Amino acid sequence: MTSLIWQRARSGRASRSSLRGAGLDQNASELTFANRGPFSARLEWFSLPLLLVLWQGAAMVAASRFFPSPAVVAAEVVDLTLHGHLVKDFAKTLLRTFLGFVVAMGLGGVLGFVLGRVRGLDRLFGPWVVVGLNMPAVVIAVICYIWLGLSEFALVLAVVINKTPLVITTIREGVRSLSPDYDELAAVFRMPMARRIRLIHVPQLMPFVMTAARTGLALIWKMVLVFEVLGSDGGVGFRVGIFFQYFDMAGILAYTVVFVAMVMLIEHGALRPLERRVARWRQDPP
Amino acid sequence: MTIALTQMRFSAATEPLFGVFHLNVAPGEVVALIGPSGVGKTTLLRMIAGLEPGYDGRILIGGAPVNVAPPPGFVFQDARLLPWLDAAANLRAVRPGMTDTEVEELLARVGLAGLGAAFPRQLSGGMQRRLGLARAISVNPGLLLLDEPFVSLDRAVVADLQALFRTIFAAENPTVILVSHDPEDAARLADRVVILADRPLRIAADLRLTGTGADRSPQDVARLVETILTAQLEVRR
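So the protein lines, in turn, are chains A and B.
All letters in the first sequence, in the order written, are residues 853 to 1138 by the working numbering.
All letters in the second sequence, in the order written, are residues 30 to 266 by the working numbering.
Rather than coming from a laboratory, the hints here were simulated on the basis of the structure.
Quick caveat: nothing in here was measured; it's all calculated off a predicted structure.
A virtual CB, placed ideally from N, CA and C, is assigned to each residue, including glycine.
Hints are not guaranteed to be accurate.
One-sided and incomplete, this derived list gives chain B residues near chain A with beta-carbon spacing under 8 angstroms [stated by the list, open to error]: (1) A78; (2) L80; (3) Y84; (4) P100; (5) P112; (6) W113; (7) A122; (8) V168; (9) R231.
Assemble the whole structure, with the sequences as input and the hints as a guide.
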């Protein structure tokens, strides 16, 4: 009986009273909310078209070259792709972002793990992390450019120096919250360190890694663009800087639209599938 | 197994948990450690497992110190499975070389045939304990350390699990140390009951039970429970 009501509840056909009768009251509100799921999902599909309609309307009202319509921006995207530097600029920015992200995550992950595990090192180097967290990003970029010149290395290094303390802090918190029960399990069965890290520590740290990755990527995108404006020979930030000098709003918005599309692609094409895979053990069986 | 301690304390300021303490366990013997909560039963089990190294004295397993002896098959109070690994991977986490056939055979022995791909959250409490037992057997079927393996389970599940333990004991003839606060667990499974008391910890009574867990009728169990309870009462006096 209960399982039948559960099936109905999952398919949205159970009444709240039948759930209460089956002793599933505490789940009733959750299920009722879940029943709204398909409609909410459909609403999400209308979100971006609605934004475009509002943008078009506002552009028509403003009727200014500083407020181009979506159609104008779309045409600009096509033009910049075919005749401009859009593809080359995005390739450069993507590569810088990728390098900065990988190095900062790797370095911050290892350092965060060590500081989370070794109290003495955390006491010694913890204040350095605080300093790193509070250093203005632009100052670090300027210092790197002055010391190392306007090079790719200086730009990526500035990104890494800015981002690594944030990764360290997140991973260190994760390490501090590792369950001692599982450490005890590993100790009693004499699990070697490499297996402990792979099977016991890393799975517990994955939510923290995902948080660091998501916030890190968002931060690194923005930093790379700002540093490209400050000093580089190409990239999205560099090009937007040039558009700014000519007050070319269509160009700025064209790059912005492609940039947002790329971020959404990474979010839905890489981060969310990865997150689902990591959380597979928490999900209901198919 | 030989346990010969002269002292163990958790910090310099506290009274020692163990003074001079001797316990010998013969190979294949099922020994139940019984005593009030907090007396030091679990600590003793953890010392045998090598989890509490800070003591004076020696604990020898098959003539070797605990840090050199093969790891024991340990069953925790909670199932303590790795929730992100399926049942088969939980077994391989502690014994990586197991083949698919070995995993399936072991799961079948504990009544979990065909559930190798199930995650712990998909198993009932009793099934999780069975998987915990399978994990312990996979590591060392010759020495099983059971830390209150039946807590938080209803009596029907406990009866099923105890039947499973008896089957495993009969098949593997392991040396078993069972920590429990319940005389009935001891009466159903053990060959010998060691009643622990006081601080520093001492053996207040050492009872040899007649027959084996598998042979005992409900009347035998009731009589042995009575014997253990009487011994505990005398210790308290």
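For each hint, the structure was consulted:
no., hint, result
1, A78, "holds (5 angstroms)"
2, L80, "holds (6 angstroms)"
3, Y84, "violated (16 angstroms)"
4, P100, "holds (4 angstroms)"
5, P112, "holds (6 angstroms)"
6, W113, "holds (4 angstroms)"
7, A122, "holds (5 angstroms)"
8, V168, "holds (6 angstroms)"
9, R231, "violated (26 angstroms)"
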